[in-house]
Amino acid sequence: MSDPSNAVQPRTLFEKIWESHVVREEPGQATLIYIDRHLTHEVTSPQAFEGLRVTGRRIRRADLTFGLIDHSIPTTPLGNYGKRSNVPVIDKESALQIATMEQNAAEFGINFFGVDDTRNGIVHVTAPEQGITLPGTTIVCGDSHTSTHGAFGALAFGIGTSEVEHVLASQCLLQTKPKTMEVRVEGTLPPGCTAKDIVLYIIGQIGTDGGTGYAIEFTGSTIRALSMEGRMTVCNMTIEAGARAGLIAPDDTTINYLKGRPYAPQGANWEAAAAYWRTLPSDSGAVYDNVVLLEAADIAPMVTWGTTPGMVAPVTGNVPDPESLEDANLRNATYRALQYMGLTPNTKIQDIKLARIFIGSCTNSRIEDLRLAARVAKGRKVAEGVWAMVVPGSGLVQQQAIDEGLDVIFKEAGFDWREPGCSMCLAMNGDKLEEGERCASTSNRNFEGRQGKGGRTHLVSPSMAAAAAIAGHFVDVREWEF
Amino acid sequence: MEPFVNLNGVVMPLNRANVDTDQIIPAKYLKGIKRTGMAEGLFANWRYKPDGSPDPDFPLNQARYQNATILVARDNFGCGSSREHAPWALNEYGFRSIIAPSFADIFYNNCFNNGMLPITLPKEAVDELFEEIEAEPRLRIQIDLPNQTINVAGGKTYSFQLDPFKKECLLNGLDNIGWTLSFDDKIAAFEAVRREATPWL
Ligand code: SF4
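Quick mapping for you: the protein sequence lines, in order, are chains A and H.
Residue numbers 161 to 642, in the working numbering, belong to the letters of the first sequence in order.
Residue numbers 3 to 203, in the working numbering, belong to the letters of the second sequence in order.
Keep in mind that the hints were calculated from the coordinates and are not lab data.
None of the hints are false.
When the alpha-carbon atoms are kept at most 25 Å apart in a straight line, the in silico BS3-like pairs for lysine-lysine are as follows:
1) H/K30 x H/K51
2) H/K36 x A/K613
3) A/K252 x A/K613
4) A/K513 x A/K538
5) A/K538 x A/K571
6) H/K188 x A/K337
7) H/K125 x H/K168
8) A/K337 x H/K169
9) A/K339 x H/K169
10) H/K188 x H/K168
11) H/K169 x H/K158
12) H/K169 x H/K125
13) A/K243 x A/K571
14) A/K613 x H/K30
15) A/K571 x A/K541
16) A/K337 x H/K168
17) A/K252 x H/K30
18) A/K541 x A/K513
19) A/K339 x H/K168
20) A/K613 x H/K51
21) H/K36 x A/K252
22) A/K513 x A/K613
23) A/K541 x A/K508
24) H/K125 x H/K158
25) A/K513 x A/K571
26) A/K339 x H/K125
Some chain H residues well away from chain A (every beta-carbon gap over 10 Å; in silico):
27) V7
28) D59
29) Q64
30) R66
31) G96
32) R98
33) Q144
34) L147
35) Q150
36) T151
37) F162
38) N174
Positions of the beta carbon are idealized from the N, C-alpha and C atoms, including for glycine.
From just these sequences and the hints, can you work out the full model?
What follows is the structure, given as structure tokens:
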């Protein structure tokens, strides 16, 4: 590892992390980089562990490998089941997948948070919460939203299952170095807007492939003012802009969040680590391959109307009219999206009625997200005919929400308060939309069928989702009193 | 892994941008613990009607594209979820190469790990291919990886760019993991330094 104090050229945060993880670099060949933290879950790891068995390879660093179960776990309220492992899983295949994860974790000796462990939760909620995610590290997981962990100033990205096997066997990955992009957001975030609105706005500006080939560093006063939860929301959706990774420089907010977390360094190591983390922010004068400048003042509560996260409008806006679009491909894509979404051109966003609400997912299921939603829900009632689910991101988030009385607020308002997991972010655990159902969701993907075949997803912030639950249609949360 | 050198095959058009991996294979087909059994989930939400019968409007179900081994699509193909089930499903169905103006990163890498070749061509070239297919439904394309060219039967030749290392891996069907493990001494040396420099990791 190179000593950061030897640096001559000003370097970006990304470059510092990249350079300190190069194991082998030869011209004309992919660079071998070392992986500090490998996170695994039940859906994308079974074939990788099986690969080790078939080839007779051993796991190199079980101590740096973490596993849990999040995608296929049912979020059914516990009721009389007593514990989560008693709750029936949606089908035999999923049950086998869960059992396989448990068995692989035991056989290969990795760190594991099982179904009945209160630390279990969505991988991108649990790992930061446990202090597994640390600044300056490389983190991978067979999951595209691994970009979330970049909020701590880590280089974190999703990989395929073949690469999961590669990391299990070697603790390394073959990588081509991405280019760097700075997305700078300056100014005070307007009231009623959240980190989710920032990132939806960014994707709307740069497009769903605007970040392809880049590692994006988010900078500027708006970003620095965000809590760790907010920063995770922003980095989480970096992948929806096509970027492999999103990063935010570590600062006091980061260090204060990490202090005392179970897997964070302790004692003398803590002091040394914190001192090192403070050397990580991009040097002044460091050069990015691309720079995008945005103003917080231009951000409003955002609502997606289409089938990619880039198809987004402010809550005061309208669904677009494809006829007004010049580019033929864009026009066709817009027609297709509106047809799938069952929307007429020029409809006011606030006239869109909803049947379902989903507050959860690795984008917005942390304590701060639940607090935001609860503030809106408090003393109000979910509209008639609307089914509104709240799914905490981990057992510990759930516990904290209960300690703060948020569960009571939600239940009294008529929300369905559930057990943690990926839930209706993707349709594979029993929580899903029916054909044609329309949902305001705090998750990250509004792709066709993502929340269930024929389901219609609108991405919003937790406060916007809670307000929509109460009104039965989208409303401008800025006009509400709390 | 099977080497990829040349491919001569029928092309299937998928005239959509931002084809995400949830479309390539929906989540309900991700429940397996094997790499196989994915083909039936390929484009499931587009390919089957609500009653489960094949939708004749979707190209995969059309006689003229039967046995296609090459897929042509629009921008940002393979965006979204990192699921390698997407290239597995395409591969198992018979597609060995995908041509598009741009690909999402993770999907692009996943293809190579399965001996598949994603080819990035300029938008205009992809427009031309769509027109060619329109005119000649059983259009065949010859992909020549060593020379990095695509030859449309009776028509134009296009060259494409590719990372030399990725090309090498495909041509030789290289086992990436075995290759990396051959640098065990380097990895061990890195770990020794890492233990000193960042003992908290
Ligand atoms: S919450 Fe959604 S996006 Fe996040 S890991 Fe789970 S399925 Fe993926």
